[in-house]
Structure formats: C-alpha cells, structure tokens
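Asker: The primary structure of each chain is shown beneath.
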Amino acid sequence: MNVLEVADLHVSIGRTDIVRGVSFALEPEQTLGIVGESGSGKSMTVLAATGLLDAPGARVSGSSFLHDERLGDSQLIGQTPKALRRVHGDAIGFVFQDPSTSLNPLLTLERQITESLEAHRNMTRRAARVRALDLLTAVGIPSPENRLDAYPHQLSGGQRQRVMIAIALACDPALLIADEPTTALDVTTQAQIISLVRDLQEQRGTAVVWISHDLGVIGQVADSCLVLQEGRVVEHRPIVDLVDAPAHPYTQVLLAARPRLGGSPPPPVDDSGAVLLDVANLDVRFPVSTPTGRTHVHAVQDVSFQVRRGTTLGLVGESGSGKSTIANALTGLVRANGDAWLDGQVLLGKVPRDRRRRLAMVFQDPFSSLDPRISAGGAVAEPLRVHRLRPGRHRERVAELFDLVRLPGAFASRFPHELSGGQRQRVSIARALALEPDLLILDEATASLDASIQAQVLQLLRDLQQELALTYLFIAHDLAIVQDMSHDVLVMREGVAVEYRPAADLFADPREQYTQRLLAAIPPERPRAALER
Amino acid sequence: MSNEQRPTAEPGSGGVGPIGGVDRLGGPGRAGPAGLDGSAPERRVASWRLLAANPVTVAAAVVLAVVAFVALFAPWLAPYGVNEVDVAGALQSPSWAHPFGTDDLGRDILSRVMLAAGTSLQVAVVSVTFAFCIGVPVGIISGYVGGWLDTVSMRVVDVMFAFPVLLLALAIVAILQPGIATTMLAIGIVYTPIFARVARASTLSVRTEPYVQVAQTMGTPWSRILRRHVLPNITGPLIVQTSLSLAFAILSEAALSFLGLGIQPPQPSWGGMLFAAQGFVTQAWWMSVFPGLAIFVTVLAFNLLGDGLRDVLDPKQRTRMEARHR
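Protein chains in written order, with the working numbering: chain Z, 497 to 1029; chain X, 97 to 422.
One or more hints might be untrue.
[What the hints assert, rightly or not] If you want the footprint, here are the derived chain Z segments under chain X, 3+ residues with CB under 8 Å:
| # | region |
| --- | --- |
| 1 | 823-835 |
| 2 | 901-911 |
[To be verified] Label-pair distances were calculated between CB atoms; the ranges are:
| # | chain 1 | residue 1 | chain 2 | residue 2 | range |
| --- | --- | --- | --- | --- | --- |
| 3 | X | ALA297 | Z | ALA752 | 45 to 53 Å |
| 4 | Z | GLY845 | X | VAL152 | 52 to 60 Å |
| 5 | X | TRP244 | Z | ALA752 | 39 to 47 Å |
| 6 | Z | ASP645 | X | PRO333 | 38 to 46 Å |
| 7 | Z | ASP550 | X | ASP254 | 40 to 48 Å |
| 8 | Z | ILE509 | X | GLY332 | 20 to 28 Å |
It should be emphasised that the hints constitute simulated quantities derived from the structure, not laboratory data.
Note that the Cβ used here is the ideal one computed from N, Cα and C, for glycine as well.
All chains, full assembly: derive it from the sequences and hints.
Answerer: Structure follows, in structure tokens:
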C-alpha cells in the first residue's frame, strides 16, 4: 500500500506553469529524492501535493492520495483547511531548510514539540513532556532533560534542525517531508542529519520525501529519485540506476556537477613562488556587551599564512570558524590586530583608498550583494567611477568585463532581480575584476548556488585565473570544491588555524583529526543504496 | 523562483532569454570578440513613459497642474474679490451666483478657495521641502555613522518630539514675527525630526546590507555610499512620509492661523477658512466643506503622484510595468 500517490499534478501561478504533470508514488519506509535546480518546481510540487501551498493566485489540479492507517485515505488536493489541519503534523511531518527561522524564538523546545501532540493526540501536558523527552533523546540532543526548557537560540544550527525533526516526528507520521533540510548546514552536520533521518526512518517505518538540489546528498538518502526540470519529470528511477546510467542529458549534467573529491586545481599561473599576501599573527576579537558587563568573542586567534602570486589559497572550516572574519579584516570591514602586507605594503589599519582597490572581494549571497536599484552595468561601472579608472571609456570597459565573465552585454541594463543567481554572481565577479585587483577574495562565492551553476561559476573562476594571472583567497566550507581550486589549504576551526599545507599533501594525507572529519563528511560518489547491496 | 518576474525580451533583440542563456545547461558559450559589439545593453522604457502609462498618476498630475494654475492666476480667474464684503448676502447657500456659497461676511467662498490655493500650496511645499532637506541628511548620516553622533542627534530629535507640534510652532512664531515666512519656517522645523527619524530607521537596515559592505571594501567614499546606495534604497518610506507631511502641513498652518500666528487675515488660506467655518458648521455646511474638499483633493493628488513615482523608482515594480508597456 502506498503512503502517498500523486497523479498528474499541475500548479500554475498567474499565467506561469510551475509544475506540469508530476506523478509519483511512495511506499512505507522508502525515501524518494526530488532533485532539480532552483525554480524547477521541487518545493512547489511537494507543497501542492501535501495541501500546504499558500501562494496567492496559485491554481492546483491533479490528485494526491494519502494513505494513513489511523486516518484512513484522504485526498489532499482541493481539501478544506480544516481537513488538512487534521492531517498536517499528524500523518505528515515537515522539516524545512532554515532551522534558524522555522523555530519560534520565544517558545521553549518543550512547547514547540508538544504542540502537535496536544492538538492531535489530546495528550496531557505531563504525558506530552515525557514524549518530548523521548523525541529529543531519539534525535540525539545531548542532556535532553535540561534542553526541554531551553530556547532555540541556545542551540547550534545542527541541533535546531534535530529539534525540527523531533517536532516533525512527534505524532509518528506516515510521511516525512524534508525540504532541503541540510542545505543551510555544514558538511559535517549534514552527514549527521542524514544518518539521523535514516536511523529514525528504519526504526519507525516512515516514508520520506527528500528535496535537494544536490544529487550527492540525494544519493545518500534516497531509494529512488525524481529529476525535475522546469516543472516536468525528466527521469524517475531507482537511485543506483540513475547514478550509474543516467538516461536524460539533464540528469547527466546534474551528476557531473556534484562536488567530488579527487579533482585538482589548474597549474599555478606564476611559478616564481613570490609571496603576494603575507598575513602574520592576525587576531580579531568582537566586543559583546551583556547586561552584566563587557566580554568578547575571540573570532580569529593568531593566524598566519601567505598567498603566493598566481595561486589559490583555500580557507576551509565550518561556520563560526572565523574564515569570513579573516576576509573582513583584510578588506577593512572589521578591525584586527596583527600584520598583513599585500605586495610588501601594509594592509591593516588606515590605508590609502588606492590600496584597498588592489584587494577585491566577492560575497556569498548574489541576491543581497548587488544594490537592487542599480543596474548590472551600473554596478560594474561603480568601481571605475570610484577609483577614476579608465576615464572616458567606462562603457567599453563594462562591455569587456561582461564578456570576460561570459555574460551577454545586453544584460548591462538589467536590474539584479531580473537576473538568475548564477548571472548575478557573474556580475559580482565582474565588479570585483573592474578594480583590477592583485588579489581576489572569494568568500563562499558559490555556496548559495545550485550545484550545476556552482560548477559553471567555479570553471569561470579557474579560467579567469589563467587568463588574468589572478591570485585567489578561496573561502569555502566544502572541501571537495576547495580541492578543485586551491594550491594551498588552510583549515580553520573555532578561530584557530588547524592545518596549513600544500593542497596535494593535505588531501593525500590529512594529519589533523578535524581535517579527516571534514573529508569523511563529504557525500561519497556512489549512492548508499549501491554500497548496501 | 525568478520565473514569475520574467521581463519580456525586447522585440527584435533576437530573443535573448530573460533568465536564459548563460546559466542554462550546456555551458556558458563564450560570446567571443564578435559578440562584444553585437550586444549593446537592452533598451529600457523611459521613466516618463511608465508614469504616463499609469492612469492614476496622470490624473493626479492633472489635478495638481490645475491647482497650480489656479494658484498662479487666481486674481484673474476668481469671479469676486477676495475681500468683497456683502453683509446683506451673508451665509448664502451655493447658487449660480455663488457656486460655493458665501461666508458670514458675505464673501464668495469659491473666490476665496481659489485665492487661498497659492498660500496653502506654498506653505505646504516650502515647509515640507525644508523639513526634508534638513531632516533626511541628518537622519541618514546619523544612522550610517552611528556612535556618539547618532546618540546626540537622536536625543535632540527626541527633545523636539517631546513638545507638542503646535507648542513648538507657537514658540518659534513668538520669537520671530508672524507672517507667511515664519509660518513656513515653523512648520518646517516641526517636521524636520520626523524626516530625520524615518531616514535614520531605514538607513539602519540598509547599512548592514551586503551591497553596502561591498562598496566599503572597494574603498568608496562614505558620501558616495550614502548618495548612491543608501538614499535610493530608502526612497519608499521617504515618499510616503512626504505625502503625509504635505497634508499635515496644510492643517498645521490652519491651526497657527486660527491662533492668529500664521497667515495674517485678510489673506485667505484653506486651513484658515476651515477654522473660521467651525462656528457655522450647523448653519452653513458649505463654509467648511469646500475648503476641506480643496485640501482633500490636493493632498490625495500628492499621495497618488508619490505612489506612482515610488513604483517607477522601484526596479521590481518597474520590470512588471515595462512588461505590460511592451
């Protein structure tokens, strides 16, 4: 008996078709992976199929049958809100992408976990508390008794996602919907959440729909996989077959785009080994004022490194390891102690504007790092105007830069919201290049892009390094892409430099336990289902 | 997600897909040297065309143009003199001879409304412009720079807020000579802290945006960051505040005039007429309704024009409007 049966699902908003005829079925204990780029309709499909779609003007047609032993069969499409409320949280549990916003900051964990128990199961406060304790233990929260009365801000991102899973599983639902549940998490945390969901699924026999843009993750969780492109199913097969012999070209592209270990960076453009950026004993503390006085967070502790001209230094670590703080210190956004020289010139403290120009930075979020009111061409021309570079031929220079990042010059008059994420990030790169910098700092520059677009932007960065003999400081949390880019690697953990070696040596023989852990957390190339056979 | 905001491609541009091309599958495909000269930026629709395509904006602009025309040429357009007293014909209801009726001294209300337009508009526009030009820079700078400068300037603003609007205006008028210039100055000063507050609050949220940080890392001078990145991104709330203040400025002028400290009689103003009509609300509704209507229509026109401007200045709205325009 299938838990969920979706047939010929269509969703349209206004005149735009978002989902065009999606059908699938899901058995108990099975995991269905749904992959596709952003905008392919993954989330829309699942939200519509579970009756949770709440976009104004959205029209849903088709059928979606939920079979639950307690509640019986129910059609979820075209259902009244009241009937849907009976199902949501009881027969279907949800886990969403961002654990920092899906928990209510003003309620204790106990209140949030017991909410659905009290609503659906008429449990008493006391019984619900016992159940909440069981759930927190099951999802692996340390010392759960103390954590019941904690608030979300007291937990780390990974722990918050565990709590979300506990909430979703509170009523023992037949179906768990996980919409990009690990995208906002570090690799190591991602690996933990994946194995947690797998264990819970085995114990409870829950069926899971797991949405992700990353086939690597889907390979670790799914039994079968559905590939969506522009709202259509292009391939739907068992995961092992899909990975071993992808039939559709789109699936092949997605597979090729997975970040995988074993790559290597292009040869350095400059073999001289001359040092371009020299950082010595960099130390950053942030003051934090509390009601009882001032304290500080030691974000970067005595870090030293060098970047050779024409090479890439990869800076890796989990969130909170201080890698972005290093970038911000070098660009003057935060105050730091220690010394830094760019080509022999002092970089920290008050420096002439012209020296700032020689070190450009590309930020993570392509949406917010472009001014929404300035066109793409205007954004690229901005540094030219600020530094009075190439006076009188800004227009030609902007066209050159657009060409350099492989964007059509016609896009120059578009506003940021009229471009896709990857295009926006290309604009950001063009803007950084406009400064004609010696060093480019790429702070998680591809982290918020889809895997396939990330691969294209990484390729662009590699090409640009060859063409323009650029030097990169490449900040990332994903060791697989760091390996593709970097000649040297510096691993950071909680503000301390853990391991700093040439990339080839580090990947061949990671010395520190922490580095080994990071490497182990990368989803393996083969799907889990293939290894279990 | 970006699908729903798809702009339509320029006709004849060879259909460069809006989201298409580069990041679609199949790789970037180098534009090549030939692609360079062949790809001039897509042409956008001019702002005035978009404004003209919005019927509400056009109507508002027409109304304001009419009001301005009347204000300028009232002495020649008005059927009666502004102070033509006719005690025998006092408190007449609207008729062909007096379309808006007459007041307690028998003066023609239509003529007075027309002649008051100039004064009222002048007071509203000048005082709000003054408040905007002082308040917004103070607010933006104090929000962006922060620290002690912010603390000091915001405490000053708090002190100004602590006084009731009218009391503060009264004090200013009392120090200076009553008259139209003083009235405008007083109202301008009273509204300055409001603009400072709105500008500061919006700046605080814009200042932490990554695009401002990008500008900082590029070594952009702060004055340029404020002008180019901060100010354009806070125009929405500022436009709303401006249209609200225009309405309140007309009313504040009325209150001051009523207390004998604003526009000196016999020079008419809409607010002054409203206040003078208070005693006759039950006997002669037309005395208050017509000046009130004049204020209402003018303020509404300012508001609607502001909305239209805000939409054209907002890139997202603009995309949708351009798509419809083509």
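Asker: With reference to the structure, classify each hint as holding or not holding.
Answerer: Right, here's what the structure says about each hint:
1. Given a C-beta distance limit of less than 8 Å, the hint that chain X covers the region 823-835 of chain Z holds, as 3 residues qualify and 3 suffice.
2. Residue count for the region 901-911 of chain Z with a Cβ under 8 Å from a Cβ of chain X: 10. That meets the three needed, and the coverage hint holds.
3. Range check, ALA297/X to ALA752/Z: Cβ separation about 48 Å, and the 45 to 53 Å hint holds.
4. The beta-carbon spacing between GLY845/Z and VAL152/X, approximately 54 Å, falls within the hinted interval of 52 to 60 Å.
5. Judged by the Cβ atoms, the range 39 to 47 Å given for TRP244/X and ALA752/Z is violated: they are separated by roughly 56 Å.
6. Our hint of 38 to 46 Å for ASP645/Z and PRO333/X holds, since their Cβ atoms are close to 40 Å apart.
7. Checked against the given bound of 40 to 48 Å, the beta carbons of ASP550/Z and ASP254/X, roughly 41 Å apart, stay inside it.
8. A hinted range of 20 to 28 Å holds for the C-beta pair ILE509/Z and GLY332/X, which are about 25 Å apart.
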